[in-house]
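*Asks:* So the protein lines, in turn, are chains W and F.
Read in order, the letters of the first sequence are residues 1 to 192 in the numbering used here.
Read in order, the letters of the second sequence are residues 1 to 192 in the numbering used here.
Worth flagging that the hints you see were computed from the coordinates, not collected in a lab.
It is possible that part of the hints are untrue.
Said to hold, decoys possible - Far from chain W, by Cβ distances over 10 angstroms, these chain F residues were calculated:
id	residue
1	Phe46
2	His50
3	Ala69
Said to hold, decoys possible - Below, simulated DSBU-like cross-link-like pairs (lysine-lysine); rule was C-alpha separation at most 35 angstroms, straight line:
id	chain 1	residue 1	chain 2	residue 2
4	F	Lys117	W	Lys96
5	F	Lys117	F	Lys10
6	W	Lys112	F	Lys21
7	F	Lys117	W	Lys21
8	F	Lys117	W	Lys112
9	F	Lys21	W	Lys15
10	W	Lys53	F	Lys117
11	F	Lys132	F	Lys104
As the structure is a prediction and not an experimental result, all values here were calculated from the model.
For every residue, glycine included, the Cβ atom is placed at its ideal position computed from N, Cα and C.
2 protein chains.
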Amino acid sequence: MKELEERIAKDGTVKPGDVLKVDSFLNHQCDITLFDHMGAEWARLFEGKHIDKILTIEASGIGIACIAAQHFNNVPVVFAKKTQSINLDGEQYTTKIYSFTKQKTFDVIVGKRFLTKGEHVLLIDDFLANGKALQGLIEICEQAGVVVEGIGIAIEKGFQGGGDKLRKAGYDLQSLAIVQSMDPEEGKVVFA
Amino acid sequence: MKELEERIAKDGTVKPGDVLKVDSFLNHQCDITLFDHMGAEWARLFEGKHIDKILTIEASGIGIACIAAQHFNNVPVVFAKKTQSINLDGEQYTTKIYSFTKQKTFDVIVGKRFLTKGEHVLLIDDFLANGKALQGLIEICEQAGVVVEGIGIAIEKGFQGGGDKLRKAGYDLQSLAIVQSMDPEEGKVVFA
């Protein structure tokens, strides 16, 4: 998606350790118009697929998923939660996800009531690097017996391999921008 | 807002300890159509006010704030983050917020780049009980020198006093549903 690539080139910052900061428009400050265009693009890419629900993970995925849902007939958005809260009672699907960004392992939970066996689910997230977060969401989908109809990612770090693994496993993964390489010295981002 | 009150009455669950669970439509599974109507209602309530930016706090506020922003000329949404992440470098406004729900104190941060002195900010959040989270956001706004033009809340627990304190302090606080009392035995919610 040209608009997203151009925005990354303009406002993204490359940091040592393969870190791409896009917090001025994607995951700290949110550009709502851009989110809307991203939702429209996923709707085009997943056209003809039946989607009952969008599943994402807190926190950065939520805004993107909610705006995207407007392009999928306002289907409900469920976001997986990263810690056990005393407000969450009842039965939950759970898994563990290691975050390289935060350098710790989170318990991730989704209330069983919110995923019904046989539903067709679209996974949405802001970033895909090694794929740990998505693997966690997929594991929860398997526990729930829902069908992962597609995976929509804003920015895939292609050189970290998570995306290719998911494509090989047969998932319909659509990343709006795939970063092939980044150079922290020159601050340059090359897209696939 | 009648639609929200009716939805709380229908799908909310009252639990002991003044807990109102609305996770089937507000803060775990998200009803995008309802969020859109909430955004329209805040636009009506804050009509004539100049809003440069919406500020919320992760995680439950994000989806509501992003959809609401569409009713405020797609202004940017900034969400305060609850833990220090290694992706967040540079200067940040910080404060501490105690969460009764999670029973712990969070460090809350907003990148200084995302709040500019003199900007007019609308605060949005899903719940207002004792007001600790909002006080934290207001503190960050004071550090940044931005004007809190209004506060939009989905559900205020009126009996916990946080809202009245903010109104007395002069804030234009608009809660779409104000719960006056709840009865865990009968599962009944009375609105103000």
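*Asks:* Does each hint hold? Answer for all of them.
*Replies:* Now the hints, each set against the structure:
1. Under the 10 angstroms C-beta cut-off, the non-interface status given to Phe46 (chain F) relative to chain W holds; the minimum distance is some 17 angstroms.
2. No Cβ of chain W approaches the Cβ of His50 (chain F) within 10 angstroms, the least distance being about 17 angstroms, so the stated non-interface status holds.
3. Not every CB of chain W is more than 10 angstroms from the CB of Ala69 (chain F) (nearest about 5 angstroms), against its label as outside the interface.
4. A distance of roughly 41 angstroms separates the Cα atoms of Lys117 (chain F) and Lys96 (chain W); the hinted pair therefore is violated under the 35 angstroms criterion.
5. As the CA atoms of Lys117 (chain F) and Lys10 (chain F) are separated by approximately 43 angstroms, the hinted pair breaks the 35 angstroms bound.
6. Taking the CA atoms of Lys112 (chain W) and Lys21 (chain F), the gap is about 15 angstroms. The hint holds against a cut of 35 angstroms.
7. With a C-alpha separation of about 23 angstroms, the suggested pairing of Lys117 (chain F) with Lys21 (chain W) holds against the 35 angstroms cut-off.
8. This hinted pair does not check out: Lys117 (chain F) and Lys112 (chain W) have alpha carbons roughly 45 angstroms apart, beyond 35 angstroms.
9. Between Lys21 (chain F) and Lys15 (chain W) the CA atoms are separated by roughly 41 angstroms; this puts the pair beyond 35 angstroms, and the hint is violated.
10. Annotation: proposed proximity of Lys53 (chain W) to Lys117 (chain F) is violated, straight-line Cα distance about 40 angstroms (limit 35 angstroms).
11. Annotation: proposed proximity of Lys132 (chain F) to Lys104 (chain F) holds, straight-line Cα distance about 12 angstroms (limit 35 angstroms).
Figure legend: structure checked against the earlier numbered hints; hints not met, in rising order: 3, 4, 5, 8, 9 and 10.
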